[in-house]
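Spelled out from the first residue to the last, the chains are:
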Amino acid sequence: MGLVRDVLVGSWSLITGMAVTIRRYGRRNVTVQYPRKRLEMSPAYRGHIELVRFEDSGRHNCVACGTCVRFCPTNVIKVQGEKEQARSKKRATLYFIDFSHCSLCGLCVANCPTKTLKFSNEYELAHVCRWEGVVDLIRRVEASA
Amino acid sequence: MWQTAVDILGPDVARLVAGAIGLVALVQINTLFLVWLERKVSAHIQLRLGPMEVGPHGILQTIADGIKLLGKELITPRHVDRKLYVLAPIVVFTGVLSCLVVIPFSKELQVRDLDVGVLLIFAFSTFNVLAILMGGWSANNKYSLLGAIRSVAQNIAYEIPLLLVVLNVMMWTNSLQMSIIVETQSTIWNVFWMPVAAAIYLICATAETNRAPFDIPEAESELVAGFHTEYSGMRFAMFFLAEYSNMFIVTAVATTLFFGGWKSPLWLDFLPVPGVVWFFLKVYALIFVIIWVRWTFPRLRFDQLMNFSWKVMIPVSLAHLVVYAGIIKIIG
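One line per chain: the protein sequences are U and G, in this order. Each residue of the first sequence is one higher than the one before, starting from 0 at the first, in numbering that gives the first Met the number 0. Each residue of the second sequence is one higher than the one before, starting from 0 at the first, in numbering that gives the first Met the number 0.
Same shape as in the complex, but just chain U (with noise of 0.2 Å):
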């Protein structure tokens, strides 16, 4: 008795699992011709890093303090900055990073002291040499306004 009942539960879970599969045929797809179609991405999605482009002075506000340079432990970003004026704090004029390296640990983003520092939606990662993976942040938050 034990066999047929073995048979008949096995047969019973084989339609289960073809009436999972069917149904999944008449499902719309999740992958798009890449090239030709792109998808957009999830806010949560963690391409390398960027700077924000804050809307009420319309540019970023990263004043070269160095904490991410600091804390990055794989020595990503290199970061200079100099001062607009006589007593006022220094601005950002380069920031490079090398992504090659970078682990997206987020220290960096989590300690930048003026949040000036998110992660960005960049995902065509792929690079045919090492120095591609060099980006400059300054001239992206630039073009980006």
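The hints are simulated quantities; they were obtained by calculation from the structure and are not laboratory data. Some hints here could point you the wrong way.
Unchecked claim - To give an idea of the interface, some chain U residues facing chain G are shown, with a C-beta separation under 8 Å as derived from the structure:
| no. | residue |
| --- | --- |
| 1 | VAL6 |
| 2 | GLY16 |
| 3 | MET17 |
| 4 | THR20 |
| 5 | ILE21 |
| 6 | ARG23 |
| 7 | ARG26 |
| 8 | ASN28 |
| 9 | VAL29 |
| 10 | GLN32 |
Said to hold, decoys possible - Cross-link-like lysine to any residue pairs, in silico, SDA-like; alpha carbons within 20 Å at most:
| no. | chain 1 | residue 1 | chain 2 | residue 2 |
| --- | --- | --- | --- | --- |
| 11 | G | LYS39 | U | ARG22 |
| 12 | U | LYS36 | G | ALA42 |
| 13 | G | LYS39 | U | GLN32 |
| 14 | G | LYS39 | U | GLY25 |
| 15 | U | LYS36 | G | MET51 |
| 16 | G | LYS39 | U | ARG23 |
| 17 | G | LYS39 | U | TYR33 |
| 18 | U | LYS36 | G | GLU52 |
| 19 | G | LYS310 | U | VAL3 |
| 20 | U | LYS36 | G | HIS43 |
| 21 | G | LYS310 | U | GLY1 |
| 22 | U | LYS36 | G | ARG47 |
| 23 | G | LYS106 | G | PHE269 |
| 24 | G | LYS39 | G | GLN27 |
| 25 | G | LYS71 | G | MET233 |
| 26 | G | LYS39 | U | ARG27 |
| 27 | G | LYS310 | U | SER10 |
| 28 | G | LYS39 | U | TYR24 |
| 29 | U | LYS117 | U | HIS47 |
| 30 | G | LYS39 | U | ALA18 |
In this text the structure is predicted, and so the values were computed from the model without any measurement. Cβ coordinates follow ideal geometry from the N, Cα and C atoms, glycine included.
With chain U fixed as given, assemble chain G onto it according to the hints.
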């Protein structure tokens, strides 16, 4: 043109030539279509798109693949048994073509209506096993040999229940002739008389064609590619053609034996659809089911596969045979 051919060659040879050309064309086109269908169905089950680039919805993708295979080098490794190695792809194709000879595509469209049609199909379908063994043995490769051994063991195990359930149909219709078997189903298809036999047939047919979940002869994760590991180019393509044509043959036989062949379903009799269309519709519906099964279930382990045949399929089909023999004796 047909008349000229008959005048020159005589009716028998003309029929033979026309049949050979038609069947080779059918094998090629069927394989091109099935490979595309398989890739599309698997893609949509996995929520992907599948081939989309060559032709509308990628329909010409397999033609491009075929041209690529034609252009590839025929590699013969050192230390192979050269005669068997070259012969195996030819043998596998011979069996396929011979099986198709007696398939009744419609009332008129059949190359030869032999009175031992079913017997011929099952005799020539064993060519497939022979060719796999030849290919696997001669390639001098452990994966090929293991794949071939598995294939032979599996095909012998699943041929027994397959033949036992086909015997039910033979007793019921009292004939081995394909056209007569179809004619006896003009009112009710055999599948309604013996649904269990049809189910066993389809399971065994899946195993006979070495398809998932019974695809251990070419289990990619264990045996590279099984018996055709060492084959390349057109020789590999011949095995590929044979595999998909075997799928067509087993479903065509299932259509003939259980699903009324070229006959339309009774409630659709008024439609002016030719029999050959019904035949192909039924065959491709069954093939869709086989593809659907492949992309649903994981591969069986070898001992599970053997146990399933010897401990479940053979006793059940034997019991089925005895019960139906009694029923046919009583009502007939």
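Verification of the supplied hints:
no., hint, in the structure
1, VAL6, "holds (7 Å)"
2, GLY16, "holds (5 Å)"
3, MET17, "holds (5 Å)"
4, THR20, "holds (4 Å)"
5, ILE21, "holds (7 Å)"
6, ARG23, "holds (6 Å)"
7, ARG26, "holds (6 Å)"
8, ASN28, "holds (5 Å)"
9, VAL29, "holds (5 Å)"
10, GLN32, "holds (6 Å)"
11, G:LYS39 with U:ARG22, "holds (15 Å)"
12, U:LYS36 with G:ALA42, "holds (18 Å)"
13, G:LYS39 with U:GLN32, "holds (14 Å)"
14, G:LYS39 with U:GLY25, "holds (12 Å)"
15, U:LYS36 with G:MET51, "holds (13 Å)"
16, G:LYS39 with U:ARG23, "holds (13 Å)"
17, G:LYS39 with U:TYR33, "holds (17 Å)"
18, U:LYS36 with G:GLU52, "holds (13 Å)"
19, G:LYS310 with U:VAL3, "holds (12 Å)"
20, U:LYS36 with G:HIS43, "holds (18 Å)"
21, G:LYS310 with U:GLY1, "holds (13 Å)"
22, U:LYS36 with G:ARG47, "holds (14 Å)"
23, G:LYS106 with G:PHE269, "holds (17 Å)"
24, G:LYS39 with G:GLN27, "holds (18 Å)"
25, G:LYS71 with G:MET233, "holds (7 Å)"
26, G:LYS39 with U:ARG27, "holds (14 Å)"
27, G:LYS310 with U:SER10, "holds (16 Å)"
28, G:LYS39 with U:TYR24, "holds (10 Å)"
29, U:LYS117 with U:HIS47, "holds (9 Å)"
30, G:LYS39 with U:ALA18, "holds (18 Å)"
When each numbered hint is compared with the structure, no violation occurs for any of them.
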